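**Student:** I would like the entire structure built from these sequences, with the hints used as guidance.
Going down the list, the protein sequences come from chains W and X. Going by my numbering, the final residue of the first sequence carries number 350, and the count climbs one at a time with no gaps. Going by my numbering, the final residue of the second sequence carries number 101, and the count climbs one at a time with no gaps.
Incorrect hints may have been included.
The list that follows gives simulated cross-link-like pairs (lysine to any residue, SDA-like), each with its CA atoms no further than 25 Å apart [unchecked claim]:
| # | chain 1 | residue 1 | chain 2 | residue 2 |
| --- | --- | --- | --- | --- |
| 1 | W | 114 | X | 85 |
| 2 | W | 153 | W | 250 |
| 3 | W | 68 | X | 34 |
| 4 | W | 343 | X | 66 |
| 5 | W | 114 | X | 88 |
Distance ranges between label pairs, derived from CB positions [unchecked claim]:
| # | chain 1 | residue 1 | chain 2 | residue 2 | range |
| --- | --- | --- | --- | --- | --- |
| 6 | X | 12 | W | 121 | 32 to 40 Å |
| 7 | X | 23 | W | 121 | 26 to 34 Å |
| 8 | X | 43 | W | 154 | 42 to 50 Å |
Treat the hints as calculated values from the structure; they're not laboratory data. These numbers come from a predicted model, not from an experiment. Ideal Cβ positions, reconstructed from N, Cα and C, are used throughout, including at glycine.
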Amino acid sequence: MNKWQDNKAWFLVIPVFLVVAASAIIPLMTVVNYSLQDIFGPNQRVFVGLEWYKEALTNPRLHAALNRQLLFSSLVLLIEIPLGILIALMMPKKGWGASLSLVLVALPLLIPWNVIGTIWTIFMRPDIGLLGAAINGMGLPFDHTSSSLAAWVTVMLMEVWHWTPLVVLLAYAGLQAIPEAYFQAARIDGASAWATFRYIQLPKLRGVLTIAVLLRFMDSFLIYAEPFVLTGGGPGNSTTFLSIYLVKLAVGQFDLGPAAAFSIIYFLIVLLFCWLFYQALLKVGTGDKS
Amino acid sequence: MSFEWMAWTMPTAIFFITIACLLIGMTIWQALAPSGEREGFLPIITTPGDRLFIGLLSSAYINLAWLGLTSLSLWFAFVIAVIWMIVLMRWG
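**Tutor:** Encoded structure:
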């Protein structure tokens, strides 16, 4: 009897389950259905089995897009997480300076994604863009529309500018939540600033950093709007990330079956990486070496 | 209410019914006889739900790897995935 009463709370989850089912599970099931068929029109389709999966798995363009995506997401995490923590550590902890810096830091997060792409397209133009023209003015040829390296630098700068504030806000909230007693104890023991960070602040940030890494990895792995507006996946295919390639396949070529198979593989990759990150981050600061 | 837009096929219906049965079965099992966390051959502490998730995800990768790397029948990969699921649930 008690066991049944204890489990009654699960009924409260039903509304959330229904919302998730309607918004995520049913569309996902539809994509799985599409991935096994050749779709010609609303009621015209042919079952092709795993043909599209085989095609996707042996497609060199998809492999290239996946490599690009992994490199991009790795760079994003390597830059944004340490930079976000560093900025959060340097921000004022109280007073008007804290409020002002929080507002300033949060500004890039308020701008719509496609607008970000437009802003950076103009900002980096070699003829009239503030930064692009300045770099060219120094004698360095820089044009993100014709150079792969320049396109990558621009996309990375844009991404770091847009999303590091999220890491800053999360890290700042985590730092503010650490009780003052820890710092008093560290001062009494004569701990250095590095030791205080390594043994007090970093372990205490584990929870928010878990969220930050997961969010930033998923977001960067699914990035579409900003690089699409900025470079359209070019020059050539140098910034064609997975989602841009997927949209070209599904919308540009109307290959819904192959695009659906590709989407499922894409989904499985994201799921695997998120799970691995989650497991790794659960151990941060716990002293568990396994 | 028509589900024609979902483009159902018999194989995908069987696939999803199997997954749903697994989840419902696990839920009933855990409601009747809750089992706690444990550490098996996996390097992490897991609940039965964790092991089911790991098993399903790794089974998907086993099948994808088989499909991408060999031209043999996928039934072999299916058998390997089922054996892997059983081993994982029992000793994982």
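**Student:** So, for every hint listed, does it hold in this structure?
**Tutor:** Outcome of the hint check:
no. : hint                     : verdict
1   : W/114 - X/85             : 16 Å, holds
2   : W/153 - W/250            : 22 Å, holds
3   : W/68 - X/34              : 18 Å, holds
4   : W/343 - X/66             : 21 Å, holds
5   : W/114 - X/88             : 19 Å, holds
6   : X/12 - W/121: 32 to 40 Å : 33 Å, holds
7   : X/23 - W/121: 26 to 34 Å : 32 Å, holds
8   : X/43 - W/154: 42 to 50 Å : 46 Å, holds
Checked against the numbered hints listed earlier, the structure breaks none of them; every hint is satisfied.
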